[in-house]
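Visitor: What follows is the residue order along each chain.
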Amino acid sequence: MKVFGDSKSDKELSGKYILLDNDFLNQLFRDPEVLVDFILRFDSSAGFLIDTLTEFEFSRDIYNFKQRKAREEFIAKSIFYPTRSVNYEIFNHLLDNALLLSRIYSQQKQGEGKSFTDLMLAAITMLQSNTTVLITGNKKHFPLCIFDTLTVYNVEQDGDGSMRAYCVVSFNQNKFKKYLEQLKLSEKGSLKTVSFHIESNKEDINPDDIPF
Amino acid sequence: MTNLPSDPKPHIQTNKSKKRVPTLGELATKEVVSEMVALIRENQKIEMEERAKEKE
Numbered sequence: 001m002k003v004f005g006d007s008k009s010d011k012e013l014s015g016k017y018i019l020l021d022n023d024f025l026n027q028l029f030r031d032p033e034v035l036v037d038f039i040l041r042f043d044s045s046a047g048f049l050i051d052t053l054t055e056f057e058f059s060r061d062i063y064n065f066k067q068r069k070a071r072e073e074f075i076a077k078s079i080f081y082p083t084r085s086v087n088y089e090i091f092n093h094l095l096d097n098a099l100l101l102s103r104i105y106s107q108q109k110q111g112e113g114k115s116f117t118d119l120m121l122a123a124i125t126m127l128q129s130n131t132t133v134l135i136t137g138n139k140k141h142f143p144l145c146i147f148d149t150l151t152v153y154n155v156e157q158d159g160d161g162s163m164r165a166y167c168v169v170s171f172n173q174n175k176f177k178k179y180l181e182q183l184k185l186s187e188k189g190s191l192k193t194v195s196f197h198i199e200s201n202k203e204d205i206n207p208d209d210i211p212f
Numbered sequence: 001m002t003n004l005p006s007d008p009k010p011h012i013q014t015n016k017s018k019k020r021v022p023t024l025g026e027l028a029t030k031e032v033v034s035e036m037v038a039l040i041r042e043n044q045k046i047e048m049e050e051r052a053k054e055k056e
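Chains A and B, in that order, are what the protein sequence lines are. Every letter in the first sequence is one number past the one before it in my numbering, and letter 28, counting from 1, is 28. Every letter in the second sequence is one number past the one before it in my numbering, and letter 8, counting from 1, is 8.
Fair warning: there could be bad hints in the mix.
[To be verified] Below, a list of computed lysine to any residue pairs in the SDA-like style, where the Cα atoms sit at most 25 Å apart: (1) B:K45 x A:P32; (2) A:K2 x B:I40; (3) B:K30 x A:R30.
No lab work stands behind these hints: they were computed from the structure. All of these numbers come straight from a predicted model, not from anything done at the bench.
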């Protein structure tokens, strides 16, 4: 076993889609034992989500054709779903969310070091907060002012045997509303036209409208 | 415009039928996992070959 974490927390992810940050996807691709450990832990989840931007990061800089092909075939497997960000309308909603989150982060002094991909993954987690959580090895890219940490997994690394932590985070709508109000106050009403998008709660997930 | 959680969803729902979503455990059949493990092993092998070439 190479993955260490509270097994009770695994059940909290039951029925949820798990959106993958690129560092976690690379971790799965590095070590078969880690892949199998996580599949067993997340077996009651609804599957992994990979966004186009993460797919790009996962595929970039690989000049060896065989390696590129192995990566492409890996993420084409049925345990991975693509997100819906390729849809033009949804992409625009995600941009609205990402821009607003970036402003909230900055106002809360937690804005440094967030890439466009980080903001878009945060925006997806926000849009689909009723169905989706995110797993990342860079917790600081998904700050405390908006995201709750549900659980942490430590993964023993080959070679030096060091441990790397991966956090599962969820979007907290109450925190978001609180800091959005602060943002509106600081801008003295000029943010009246602010646009953001969070999908309504559902009792259960319909694969014909949510999954990707 | 501010879309609160009660707002309509931005996409069209094509089918209201309630299908059960397969779990990751169901999606990850032995065959799928074996294929994924094989791809990881293949990648590891290529990386080792690349490193060996660099040393030469």
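Visitor: Indicate, hint by hint, whether the structure satisfies it.
Guide: Tested hints:
no. : hint          : result
1   : B:K45 x A:P32 : 13 Å, holds
2   : A:K2 x B:I40  : 16 Å, holds
3   : B:K30 x A:R30 : 19 Å, holds
The structure shown violates none of the earlier numbered hints.
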